[in-house]
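Visitor: Each step along the sequence shown adds one to the number in the numbering used here, with nothing skipped, and position 97 is 97.
No lab work stands behind these hints: they were computed from the structure. Hints may be right or wrong, so weigh each one.
[To be verified] Derived DEER-like restraints, expressed as beta-carbon distance ranges:
| no. | residue 1 | residue 2 | range |
| --- | --- | --- | --- |
| 1 | D264 | A120 | 15 to 23 Å |
| 2 | E27 | D260 | 31 to 39 Å |
| 3 | E27 | F167 | 18 to 26 Å |
| 4 | R256 | D99 | 37 to 45 Å |
| 5 | D171 | M272 | 32 to 40 Å |
| 6 | D260 | Q199 | 42 to 50 Å |
| 7 | R261 | G80 | 27 to 35 Å |
| 8 | A75 | P124 | 38 to 46 Å |
| 9 | D89 | F167 | 29 to 37 Å |
| 10 | E168 | L125 | 43 to 51 Å |
Glycine included, C-beta positions come from ideal geometry on N, C-alpha and C.
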Amino acid sequence: MTDARVDRLIRFRAEAASRGLPSEEVEEWIRVTLPAVYLAEGGDGPLVARVGGDPLLPHGVPRPSDPFVACVDLAALPPGATNLPLPADGHLLLFSDTDVHGIGGQVSDAVLYVPAGAPATPSPLEHSRRGPYRPRELRTVWHQPSAQMPESFALDRWGDFPEEEQFELADELADAWADGGGYRPSWALQIGGHPVSPQNDPVHDARDPEEAGPCEQGGTAHAEGADDWALLATWRCGDDVTELDSGVAHWVIRHRDLADRRFDRVHRYVEMA
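Taking the hints into account, I'd like the entire structure generated from these sequences.
Guide: Pasting the structure below:
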(Lines of atoms letter the chains of each structure in order from A and count residues from 1; the text may use other names and numbers.)
(Lines give C-alpha, C1' and ligand atoms only; values in the text may rest on other atoms or scores of the structure.)
Protein backbone atom coordinates (compact mmCIF):
# COMPACT_ATOMS: atom_id res chain seq x y z
CA MET A 1 0.00 0.00 0.00
CA THR A 2 1.48 3.36 -1.02
CA ASP A 3 2.10 6.17 1.45
CA ALA A 4 -0.42 8.35 -0.40
CA ARG A 5 -3.13 5.69 -0.04
CA VAL A 6 -2.33 5.18 3.64
CA ASP A 7 -2.58 8.94 4.26
CA ARG A 8 -5.88 9.07 2.38
CA LEU A 9 -7.38 6.29 4.48
CA ILE A 10 -6.15 7.84 7.74
CA ARG A 11 -7.80 11.15 6.83
CA PHE A 12 -11.02 9.41 5.80
CA ARG A 13 -11.26 7.37 8.99
CA ALA A 14 -10.61 10.47 11.09
CA GLU A 15 -13.20 12.51 9.20
CA ALA A 16 -15.77 9.69 9.40
CA ALA A 17 -15.14 9.30 13.15
CA SER A 18 -15.63 13.04 13.69
CA ARG A 19 -19.05 12.69 12.04
CA GLY A 20 -19.98 9.69 14.17
CA LEU A 21 -20.26 7.30 11.22
CA PRO A 22 -20.31 3.57 12.07
CA SER A 23 -16.85 2.03 11.76
CA GLU A 24 -18.22 -1.12 10.10
CA GLU A 25 -19.58 0.90 7.20
CA VAL A 26 -16.42 3.01 7.03
CA GLU A 27 -14.36 -0.15 6.57
CA GLU A 28 -16.78 -1.51 3.99
CA TRP A 29 -16.51 1.76 2.05
CA ILE A 30 -12.73 1.34 2.04
CA ARG A 31 -12.94 -2.35 1.12
CA VAL A 32 -14.87 -1.72 -2.08
CA THR A 33 -12.65 1.10 -3.34
CA LEU A 34 -10.74 0.31 -6.52
CA PRO A 35 -7.45 1.65 -7.86
CA ALA A 36 -7.74 4.04 -10.77
CA VAL A 37 -5.58 6.24 -12.99
CA TYR A 38 -6.52 9.84 -13.74
CA LEU A 39 -5.10 11.81 -16.66
CA ALA A 40 -5.11 15.57 -17.15
CA GLU A 41 -3.61 18.31 -19.27
CA GLY A 42 -0.50 20.16 -18.21
CA GLY A 43 2.77 18.99 -16.79
CA ASP A 44 6.05 18.14 -18.48
CA GLY A 45 5.94 14.37 -18.15
CA PRO A 46 5.79 11.85 -20.98
CA LEU A 47 2.76 11.80 -23.24
CA VAL A 48 0.30 9.33 -21.70
CA ALA A 49 -2.76 10.00 -23.84
CA ARG A 50 -4.02 12.13 -26.68
CA VAL A 51 -7.58 13.42 -26.80
CA GLY A 52 -9.24 14.53 -30.01
CA GLY A 53 -7.86 15.06 -33.48
CA ASP A 54 -7.48 12.12 -35.84
CA PRO A 55 -6.74 8.56 -34.69
CA LEU A 56 -3.79 6.46 -35.77
CA LEU A 57 -5.35 3.32 -37.24
CA PRO A 58 -3.65 0.16 -38.51
CA HIS A 59 -4.00 -0.53 -42.20
CA GLY A 60 -7.12 -2.48 -43.10
CA VAL A 61 -8.99 -1.82 -39.85
CA PRO A 62 -12.60 -0.76 -40.55
CA ARG A 63 -13.27 2.88 -39.72
CA PRO A 64 -15.14 3.16 -36.40
CA SER A 65 -18.67 4.47 -36.65
CA ASP A 66 -18.20 7.26 -34.08
CA PRO A 67 -15.71 10.11 -33.59
CA PHE A 68 -12.31 9.46 -32.05
CA VAL A 69 -12.06 10.44 -28.37
CA ALA A 70 -8.67 9.38 -27.05
CA CYS A 71 -5.59 7.19 -27.49
CA VAL A 72 -3.99 5.87 -24.29
CA ASP A 73 -0.39 4.62 -24.23
CA LEU A 74 -0.78 1.58 -21.98
CA ALA A 75 2.96 1.27 -21.38
CA ALA A 76 2.91 4.76 -19.82
CA LEU A 77 0.40 3.81 -17.14
CA PRO A 78 1.86 3.07 -13.70
CA PRO A 79 2.15 -0.74 -13.29
CA GLY A 80 -0.65 -2.19 -11.20
CA ALA A 81 -2.36 1.17 -10.90
CA THR A 82 -5.78 -0.14 -11.94
CA ASN A 83 -7.96 -3.14 -11.18
CA LEU A 84 -8.00 -4.12 -14.85
CA PRO A 85 -6.19 -6.88 -16.79
CA LEU A 86 -4.97 -4.38 -19.38
CA PRO A 87 -2.28 -5.19 -21.93
CA ALA A 88 1.17 -4.13 -20.72
CA ASP A 89 1.81 -2.07 -23.85
CA GLY A 90 0.20 -0.95 -27.06
CA HIS A 91 -2.48 1.69 -27.39
CA LEU A 92 -6.13 1.77 -26.42
CA LEU A 93 -8.32 3.88 -28.72
CA LEU A 94 -11.71 5.13 -27.50
CA PHE A 95 -14.56 6.30 -29.73
CA SER A 96 -17.88 7.96 -28.92
CA ASP A 97 -20.45 10.29 -30.37
CA THR A 98 -22.22 12.88 -28.22
CA ASP A 99 -25.76 11.56 -28.39
CA VAL A 100 -27.25 10.84 -24.98
CA HIS A 101 -28.10 7.14 -25.23
CA GLY A 102 -30.05 6.78 -22.01
CA ILE A 103 -28.98 3.47 -20.50
CA GLY A 104 -26.53 2.80 -23.36
CA GLY A 105 -25.45 -0.65 -24.44
CA GLN A 106 -22.97 -2.72 -26.42
CA VAL A 107 -21.08 -0.98 -29.23
CA SER A 108 -18.76 -3.27 -31.16
CA ASP A 109 -16.34 -0.59 -32.39
CA ALA A 110 -16.28 1.80 -29.43
CA VAL A 111 -12.81 0.57 -28.35
CA LEU A 112 -9.87 -0.55 -30.45
CA TYR A 113 -6.64 -2.08 -29.17
CA VAL A 114 -3.53 -1.50 -31.30
CA PRO A 115 -0.64 -3.79 -30.26
CA ALA A 116 2.79 -2.27 -29.72
CA GLY A 117 4.76 -2.01 -32.95
CA ALA A 118 1.72 -2.33 -35.22
CA PRO A 119 2.07 0.12 -38.16
CA ALA A 120 -0.59 2.82 -37.96
CA THR A 121 -1.28 6.03 -39.88
CA PRO A 122 -3.37 9.16 -39.24
CA SER A 123 -6.89 8.33 -40.37
CA PRO A 124 -9.37 11.22 -40.49
CA LEU A 125 -12.90 10.10 -39.71
CA GLU A 126 -15.82 11.71 -41.48
CA HIS A 127 -18.96 12.03 -39.41
CA SER A 128 -21.89 14.11 -40.56
CA ARG A 129 -22.79 15.23 -37.03
CA ARG A 130 -19.48 16.89 -36.13
CA GLY A 131 -15.77 17.20 -36.85
CA PRO A 132 -12.96 15.90 -34.65
CA TYR A 133 -12.84 16.78 -30.97
CA ARG A 134 -10.30 19.42 -29.91
CA PRO A 135 -6.78 17.93 -29.83
CA ARG A 136 -5.16 17.84 -26.39
CA GLU A 137 -2.20 16.13 -24.78
CA LEU A 138 -2.53 14.51 -21.35
CA ARG A 139 0.80 14.43 -19.54
CA THR A 140 -0.32 14.67 -15.92
CA VAL A 141 -1.03 11.25 -14.41
CA TRP A 142 -1.74 10.09 -10.89
CA HIS A 143 -3.38 7.07 -9.31
CA GLN A 144 -5.43 6.78 -6.15
CA PRO A 145 -8.33 4.74 -4.72
CA SER A 146 -11.66 5.33 -6.43
CA ALA A 147 -14.82 5.13 -4.31
CA GLN A 148 -18.26 4.08 -5.42
CA MET A 149 -20.97 6.62 -5.95
CA PRO A 150 -23.10 6.66 -2.77
CA GLU A 151 -26.25 5.28 -4.41
CA SER A 152 -24.27 2.40 -5.92
CA PHE A 153 -22.67 1.68 -2.55
CA ALA A 154 -26.09 1.58 -0.88
CA LEU A 155 -27.53 -0.78 -3.49
CA ASP A 156 -24.58 -3.16 -3.28
CA ARG A 157 -24.45 -3.01 0.51
CA TRP A 158 -28.13 -3.30 1.40
CA GLY A 159 -29.84 -4.81 -1.63
CA ASP A 160 -32.19 -3.47 -4.27
CA PHE A 161 -34.34 -1.49 -1.85
CA PRO A 162 -32.21 0.30 0.77
CA GLU A 163 -34.01 2.35 3.37
CA GLU A 164 -33.83 6.13 3.27
CA GLU A 165 -31.50 6.15 6.27
CA GLN A 166 -29.11 3.83 4.44
CA PHE A 167 -28.99 6.12 1.40
CA GLU A 168 -28.32 9.02 3.76
CA LEU A 169 -25.49 7.09 5.42
CA ALA A 170 -23.94 6.38 2.03
CA ASP A 171 -24.10 10.11 1.22
CA GLU A 172 -22.39 10.92 4.51
CA LEU A 173 -19.64 8.41 3.80
CA ALA A 174 -19.14 9.98 0.37
CA ASP A 175 -18.89 13.45 1.91
CA ALA A 176 -16.33 12.25 4.46
CA TRP A 177 -14.34 10.59 1.67
CA ALA A 178 -14.36 13.80 -0.40
CA ASP A 179 -13.37 15.99 2.56
CA GLY A 180 -10.47 13.70 3.40
CA GLY A 181 -9.27 13.39 -0.16
CA GLY A 182 -7.14 16.46 -0.54
CA TYR A 183 -6.54 18.40 -3.75
CA ARG A 184 -6.24 16.84 -7.16
CA PRO A 185 -6.27 18.49 -10.61
CA SER A 186 -9.38 18.39 -12.75
CA TRP A 187 -8.99 15.24 -14.83
CA ALA A 188 -10.12 14.57 -18.39
CA LEU A 189 -9.74 10.79 -18.60
CA GLN A 190 -10.08 8.03 -16.00
CA ILE A 191 -8.89 4.45 -16.46
CA GLY A 192 -10.29 1.78 -14.14
CA GLY A 193 -11.83 2.35 -10.73
CA HIS A 194 -15.47 3.22 -10.09
CA PRO A 195 -17.43 5.53 -12.39
CA VAL A 196 -18.30 9.13 -11.59
CA SER A 197 -21.57 9.87 -13.34
CA PRO A 198 -24.07 12.73 -13.29
CA GLN A 199 -26.99 10.28 -13.46
CA ASN A 200 -26.68 6.50 -13.66
CA ASP A 201 -23.92 4.09 -12.71
CA PRO A 202 -22.91 2.50 -16.05
CA VAL A 203 -21.44 -0.56 -14.32
CA HIS A 204 -24.75 -1.20 -12.54
CA ASP A 205 -26.59 -0.66 -15.82
CA ALA A 206 -24.38 -3.20 -17.59
CA ARG A 207 -25.22 -5.82 -14.94
CA ASP A 208 -28.92 -5.58 -15.77
CA PRO A 209 -29.93 -8.73 -17.68
CA GLU A 210 -32.28 -6.59 -19.79
CA GLU A 211 -29.10 -4.93 -21.10
CA ALA A 212 -27.67 -8.20 -22.35
CA GLY A 213 -27.45 -8.76 -26.09
CA PRO A 214 -29.21 -11.62 -27.92
CA CYS A 215 -26.32 -14.00 -27.26
CA GLU A 216 -26.24 -13.13 -23.56
CA GLN A 217 -29.87 -13.57 -22.55
CA GLY A 218 -31.08 -16.23 -20.15
CA GLY A 219 -29.04 -15.11 -17.15
CA THR A 220 -25.56 -15.51 -18.65
CA ALA A 221 -24.80 -11.87 -17.93
CA HIS A 222 -25.17 -12.60 -14.20
CA ALA A 223 -23.72 -16.10 -14.12
CA GLU A 224 -20.25 -14.94 -13.12
CA GLY A 225 -21.46 -12.34 -10.64
CA ALA A 226 -21.84 -8.61 -10.72
CA ASP A 227 -18.14 -8.08 -9.99
CA ASP A 228 -17.23 -9.31 -13.47
CA TRP A 229 -18.26 -5.93 -14.92
CA ALA A 230 -15.76 -3.09 -14.64
CA LEU A 231 -15.28 0.47 -15.76
CA LEU A 232 -12.70 0.58 -18.53
CA ALA A 233 -12.60 4.36 -18.98
CA THR A 234 -14.50 7.60 -18.49
CA TRP A 235 -14.07 10.78 -20.53
CA ARG A 236 -15.19 14.11 -19.14
CA CYS A 237 -16.25 15.96 -22.27
CA GLY A 238 -16.09 19.43 -20.71
CA ASP A 239 -15.97 22.35 -23.11
CA ASP A 240 -15.13 20.00 -25.99
CA VAL A 241 -18.82 19.12 -26.30
CA THR A 242 -20.95 22.21 -25.91
CA GLU A 243 -24.17 20.34 -26.67
CA LEU A 244 -23.83 18.37 -23.42
CA ASP A 245 -24.05 19.94 -19.96
CA SER A 246 -21.29 18.31 -17.88
CA GLY A 247 -21.22 15.44 -20.35
CA VAL A 248 -19.38 12.18 -19.78
CA ALA A 249 -18.79 9.05 -21.82
CA HIS A 250 -18.14 5.68 -20.15
CA TRP A 251 -16.78 2.44 -21.56
CA VAL A 252 -17.65 -0.67 -19.51
CA ILE A 253 -16.40 -4.24 -20.04
CA ARG A 254 -16.36 -7.64 -18.37
CA HIS A 255 -13.02 -8.61 -16.84
CA ARG A 256 -12.97 -11.85 -18.83
CA ASP A 257 -13.59 -10.01 -22.12
CA LEU A 258 -10.82 -7.55 -21.32
CA ALA A 259 -8.42 -10.39 -20.52
CA ASP A 260 -9.37 -12.01 -23.83
CA ARG A 261 -9.01 -8.67 -25.69
CA ARG A 262 -12.67 -8.85 -26.74
CA PHE A 263 -13.13 -5.11 -27.03
CA ASP A 264 -15.99 -5.68 -29.45
CA ARG A 265 -18.08 -6.53 -26.37
CA VAL A 266 -17.63 -3.14 -24.69
CA HIS A 267 -20.74 -1.31 -23.50
CA ARG A 268 -20.73 2.48 -23.90
CA TYR A 269 -22.82 5.09 -22.13
CA VAL A 270 -23.11 8.83 -22.78
CA GLU A 271 -24.70 11.07 -20.15
CA MET A 272 -25.14 14.69 -19.18
CA ALA A 273 -26.08 16.43 -15.93
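Visitor: Each hint: holds or not?
Guide: Structure-based check of each hint:
1. D264 with A120: 15 to 23 Å: Once the Cβ atoms are compared, 19 Å apart, the range 15 to 23 Å for A120 and D264 holds.
2. E27 with D260: 31 to 39 Å: For D260 against E27, whose Cβ atoms are near 34 Å apart, the range 31 to 39 Å holds.
3. E27 with F167: 18 to 26 Å: 19 Å, holds
4. R256 with D99: 37 to 45 Å: 29 Å, violated
5. D171 with M272: 32 to 40 Å: Violated - the Cβ-Cβ distance for D171 and M272, about 22 Å, lies outside 32 to 40 Å.
6. D260 with Q199: 42 to 50 Å: 30 Å, violated
7. R261 with G80: 27 to 35 Å: 19 Å, violated
8. A75 with P124: 38 to 46 Å: About 26 Å separates the Cβ atoms of A75 and P124, which means 38 to 46 Å is violated.
9. D89 with F167: 29 to 37 Å: 43 Å, violated
10. E168 with L125: 43 to 51 Å: 46 Å, holds
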